[in-house]
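For the sequence shown, the residue numbers in my numbering are 37 to 305.
In short, the hints are calculated from the structure, not lab data.
Treat each hint with caution, since some may be false.
[What the hints assert, rightly or not] Ranges of calculated distance between the beta carbons of each label pair, as one might list FRET restraints:
(1) Arg116 x Lys202: 32 to 42 angstroms
(2) Gly91 x Glu213: 33 to 43 angstroms
(3) Val199 x Ala170: 28 to 38 angstroms
(4) Arg196 x Lys247: 16 to 26 angstroms
(5) Ala200 x Gly54: 51 to 61 angstroms
(6) Tyr288 x Gly54: 26 to 36 angstroms
(7) Ala74 x Glu206: 47 to 57 angstroms
[What the hints assert, rightly or not] Only pairs whose alpha carbons sit at most 27 angstroms apart, straight line, appear in this in silico BS3-like list of lysine-lysine:
(8) Lys69 x Lys50
(9) Lys56 x Lys73
(10) Lys158 x Lys129
(11) Lys273 x Lys69
(12) Lys108 x Lys129
(13) Lys50 x Lys73
(14) Lys158 x Lys202
(15) Lys51 x Lys289
(16) Lys73 x Lys273
(17) Lys73 x Lys158
(18) Lys50 x Lys289
(19) Lys56 x Lys273
(20) Lys56 x Lys202
(21) Lys50 x Lys273
(22) Lys129 x Lys203
(23) Lys273 x Lys247
(24) Lys273 x Lys203
(25) Lys202 x Lys51
(26) Lys145 x Lys129
(27) Lys108 x Lys158
(28) Lys108 x Lys73
(29) Lys56 x Lys203
(30) Lys73 x Lys247
Just so it is clear, CB atoms sit at the ideal spot from N, CA and C, and this is done for glycine as well.
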Amino acid sequence: MRRDCTTVTTLQQKKESGEKITMLTAYDYPTAKLVDKAGVDIVLVGDSLGMVVLGYENTLAVTLEDMIHHSKAVTRATERIMVVTDLPFMAYKIGDINQTVQNAGRIIKESGAMAVKMEGGKEIVEEIRVTINAGIPVMGHLGLTPQSVNRFGGFKVQGREEVAAKKLLEDALALEEAGVFAVVLECIPAELAREITEQLSIPTIGIGAGKDCDGQVLVSQDMLGILSDFTPKFVRKYADLNQQMSVAFRNYKEEVESGSFPNQEESFN
């Protein structure tokens with residue numbers, strides 16, 4: 037049963053008081069349970085699960101059903117934390133606003149998530165408005181938006197040029213006007229992120245966007261050091277579970293093969 041849960045109001049109060057907001061990703065029951073227990077404000081069921089859980093090259097292959105399936109596991113594990121779920125590629129921006137609302141509604145109704153996250157600026161304002169009018173809170177996402185990776189030509193820092201920076205600021209203001217309760221700023225210059233944060237009355241949550249955002253988010257697999265293929269520059273590793281898990285798996289294999297596991301105390305008589 038949820039109690040003392042983080043809400044949109046809670047996040048806004050943190051912005052106004054200068055208290056930092058914390059967000060981490062989770063895609064399964066045990067991870068979400070630990071994130072909730074740690075007192076983190078928001079758990080994001082991100083479409084990044086396509087890369088760090090399902091092994092895809094990017095997020096584009098993730099389906100609405102994938103997001104609902106993993107969100108169900110996360111909401112079953114959490115009591116106090118706010119659960120936000122990504123609307124995946126082709127679940128919106130498809131020229132059918134009603135379908136967008138239906139897809140967002142499915143996530144909320146079937147998984148128990150409290151809000152959805154949508155990538156984009158002015159071009160999705162109407163979809164955001166209609167979704168919010170249907171009673172579904174929306175978090176925005178600007179900068180490096182992974183669902184647009186092919187248009188950007190890869191995972192690159194956004195907003196370095198003056199024109200691009202101006203557009204990001206305009207998009208952020210448009211999202212606020214449309215009613216989003218917070219905006220993720222991904223891989224943009226720290227100075228631009230600070231300017232956007234100062235101009236918005238709603239919280240900003242940074243990932244690779246410097247320290248001046250109202251909060252921060254990381255992919256749990258990155259900050260735990262589970263995956264060794266690539267670590268973004270902005271990730272601080274708080275553990276090296278890749279090495280620890282590898283050692284544990286090797287030790288298990290060796291002890292089974294040598295006959296030292298299980299021993300008498302680990303067997304039923």
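Violated hints - listed by number, lowest first: 5, 6, 7, 15, 17, 18, 24, 27
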